[in-house]
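**Student:** In case you want the letters, here they are:
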Amino acid sequence: MIATEQQNLTAEIAELAGRHGRDRGALMPILQALQERHHQISEFAMQEVAALLDVHPVEVYSVVTFYAFLKAGKEGKFVIRLCRTISCDMREKDKVARQMENELGISFGQTTADGMFTLEWANCLGMCDQGPAMLVNDQVFTAVTFEKVHDVLEGCRRSFSVHPAPKGGH
Amino acid sequence: MNSHVINVKTRGPILFGGVTAGEGLKKALAMSRSEIISEVRASGLKGRGGAGFPTGVKWNLAAAALGQRKFVVCNADEGEPGTFKDRVLLSDYADLVFEGMTIAGLAIGARQGIVYLRGEYRYLLAPLEANLARRREEGLLGSAILGRQGFDFDVEIRLGSGAYVCGEETALIESLEGHRGEPRNRPPFPVDTGYLGQPTIVNNVETLALAASVLAKGAEWFKAIGTDKSTGSKLFSVSGDCQSPGVYEFPMGITIAQLLKVVGGEEAKAVQVGGASGHCVPAKQFERTLAFEDIPTGGSIIVFGPGRDMLKVARNFMEFFVEESCGQCTPCRYGNVALLEGVEMIEKGRCSMTHLNELKALGETMQISSKCGLGQSSSNAFLSIVTHFENEILGRPVPA
Ligand SMILES: Cc1cc2nc3c(=O)[nH]c(=O)nc-3n(C[C@H](O)[C@H](O)[C@H](O)COP(=O)(O)O)c2cc1C
Ligand code: SF4
Ligand code: FES
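Those sequence lines, one after another, are chains B and F. Using numbering that gives the first Met the number 0, you'd call the opening residue of the first sequence number 0 and step up by one each time. Using numbering that gives the first Met the number 0, you'd call the opening residue of the second sequence number 0 and step up by one each time.
Okay, chain F solo, but in the shape it has when bound:
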């Protein structure tokens, strides 16, 4: 009944080719816990949810933490505007994702995994449940997995209810515990004090699928792809003004210009990298690379063609954040509203240079004083657009 199609454009070496589900888990079962974690560390794999925290380090912290129970949480909240690659993984490569969770469970000593699936993806719930049921039948989940006595692990799917901030790992945990999705102070980090106060790893869908691939093919194979500091490949969700929007797998470190060529977006005057919370990159910087050491990204690429009004873009992003701020802390709650009002003044051609500078200072204050990543990054788009497109947005004709 669902009318959507899966728009996979480039099947790269790691996720979309080569690795078959089952390989990684079998190899992991023949290894000790510390060997598994060492392999993930050696691969250099970094979190694909945006922040880029080294996955092996995270697993090691959770493995070392003391707790009665431990949890593996798969972050399938995918709310960042312009991101849809996790949907594709959950639709077509769910086995790899569940396998990654199972391996993580083995590595840190967790018996329970939870997928936090955004409410907007509820149509994926039935097929995912069916997949889990099949895995239980095949002995890939449940007790004594693949005959290994004492290794029990199962996965439960929980739904979100339409809140972007719940993708933030501590807000996600609050939501799982039946609370408003308001981020907590960090530290303590979830690896110590996570779900139900127990050691918990929260990993992105793609990270977990990649971890399964690393176990299947080995750290060396993974490291041979990408750059020194950003190993492996990455899924990019490409939308906006280009000929072939969709999901692409590219090695880390590809330049924006190279990407635009493949997707048919060479005409672009700017690209938004990392979604609403990311940065707007103007054409003169298209030789920059998509990698943790240059422009880090969760994979959202929104292409703006020559005719796009960048102020409208800034307005759309600010409206998004005004709506999605949880309201817990002042810089974010008021700051986003003030920036949106600033956009409206600019639209009316009534923003002085002095006032624009005040808005920029406010944006910078939000970056350093907000409690969580939402408020720390919500001014990025505004700041990069007013900086790179100052000539376009200032001195607009006053509307009649």
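The shape of chain B in the complex, shown without the other chains:
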């Protein structure tokens, strides 16, 4: 990571600690915000958070690794979580899963090479009456069909190309 990026992250974490507090109870909200913005909680970020909250970095690491929605490694911009629990299973979530893998060219637990999508399993999402259910980041989709898989992925891709990155940069 280049120096300015590190400085930016340090400043951002200080700002988050300013908002959520510097006691241990602020740890989860800070980590959740970092995960949302950066799609990961890097080792450097963990060290910075630990320093600000005055806890050992290993403590932060152990929290990050405990929770399914916090990740040390980089995730895609869109994290797709398909429910694999019983009611969705009975509504043929396996077929949707295969379709998803085919559309994205990756398996569960992987991220596409362009860093756009991560595909994961989730446990019950609380939509059991309308399965198969999945989350795409914070949004929930129910009664997912083959067509819906395609539409949702297209929707994600479109939402990201609305503001194309300026050309000619590095």
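Rather than coming from a laboratory, the hints here were simulated on the basis of the structure. Think of the CB as a built atom: it goes at the ideal place given N, C-alpha and C, for glycine as much as any other residue. You may find that some hints are simply not true.
[Unchecked claim] Label-pair ranges, simulated between beta-carbon atoms:
1. Thr3(B) with Pro126(F): 30 to 40 Å
2. Asp113(B) with Pro126(F): 30 to 40 Å
3. Thr386(F) with Asp113(B): 48 to 58 Å
4. Phe52(F) with Arg23(B): 22 to 32 Å
5. Glu153(B) with Ala129(F): 44 to 54 Å
6. Thr329(F) with Arg97(B): 49 to 59 Å
7. Gly306(F) with Ala10(B): 24 to 34 Å
8. Tyr60(B) with Gly196(F): 24 to 34 Å
9. Glu363(F) with Arg156(B): 43 to 53 Å
10. Ala71(B) with Pro126(F): 26 to 36 Å
11. Asn356(F) with Asp150(B): 50 to 60 Å
12. Phe52(F) with Arg36(B): 35 to 45 Å
Position chain F with the ligands relative to chain B; hints supplied.
**Tutor:** Just chain F with the ligands now, with coordinates in the frame of chain B:
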């Protein structure tokens, strides 16, 4: 943008009808703390999160406990497979839930409430925050609530991050305090030593909404519904093989057969009551009742039609627990893996009766020796399925 619909099928007398938000709080403000707690006790209301602890008793313990600060925590972690009624309450009846928290705060002398909302429900965060902002404007939260000097109470929403075990009340508190969601030994109970070491009541979303209703309409009205030992009504989250899955409000004490008739699931060969940690009830027991004195439940009802392979069901539940065990204690950490391996042996047609009996004994050991409710109940589904469907699952054809 969200594509989900709210699937409410039966609007029963208590939560889904009759009570308007505001009634309960106004009545509570005219009462003393001990009168509020007495009313909740007299209603016989028991916790809707699964364990069924009497709510009035819990509030009384927290009210009597000594602490510099006290907290009211609303458990909105709703992670039990097959449960989604709290989502419906938080979507459509949030005022009733917040009102229940406020009344609880008044009763125990707490100034701060916290909703622990599962990360999977993050899409509810913005509407809930908007609701809280409106309540503050209306003087229903903040300082001197509804003009009562000295009664200050506010609510903060905190998110979970995808861990089922954080629904367990002490793991939830650990998570709020910025730790791994590993359950603590109990006692001490949260009513003495809870969030930040202070007296804390942890109540389920539905319990809090019902408490507001009890204050609005009175204990007698509430007690007239349900059974002697299980008063009031209950929300059921119904999914699986039936015509009309969704959320239903029924009086406590309804039989499984009656419920199946309403939801269009009479063909069922079994029903999973209470989610992955609950019990699988075979058709011959459908006259049993859904009540604390018979089959207690947090309200998850998963219907299995005649064609369902019950071993697959057992496998799905065991995979769930292997994934969600926090790993802190041995019976749960190893036991769930061993039971899943047992399911795999049965699938391959390679499980002897002797080995099956060993697995059953292991399941029973887990029930008595695990540290928290997760490990104490994770073998329930396996045990009830292998007991009631022994003929179906043993002696399966060996896969080629
Ligand atoms: C593994 C596990 C998960 C739990 N998940 C929840 C949950 O999601 N929601 C809930 O209200 N209670 C849950 N509970 C029960 C809580 O520990 C606690 O008993 C409950 O929140 C108390 O509220 P009540 O008295 O209003 O039911 C869970 C318990 C265990 C052991
Ligand atoms: S029973 Fe399971 S979930 Fe509970 S403390 Fe032990 S290992 Fe953790
Ligand atoms: S089983 Fe998939 S949402 Fe509950």
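**Student:** State for each hint whether it applies.
**Tutor:** Consistency of the hints with the structure:
no.	hint	result
1	Thr3(B) with Pro126(F): 30 to 40 Å	38 Å, holds
2	Asp113(B) with Pro126(F): 30 to 40 Å	33 Å, holds
3	Thr386(F) with Asp113(B): 48 to 58 Å	51 Å, holds
4	Phe52(F) with Arg23(B): 22 to 32 Å	28 Å, holds
5	Glu153(B) with Ala129(F): 44 to 54 Å	30 Å, violated
6	Thr329(F) with Arg97(B): 49 to 59 Å	37 Å, violated
7	Gly306(F) with Ala10(B): 24 to 34 Å	59 Å, violated
8	Tyr60(B) with Gly196(F): 24 to 34 Å	25 Å, holds
9	Glu363(F) with Arg156(B): 43 to 53 Å	52 Å, holds
10	Ala71(B) with Pro126(F): 26 to 36 Å	32 Å, holds
11	Asn356(F) with Asp150(B): 50 to 60 Å	51 Å, holds
12	Phe52(F) with Arg36(B): 35 to 45 Å	40 Å, holds
Checked against the numbered hints above, the structure breaks hints 5, 6, 7 and satisfies the rest.
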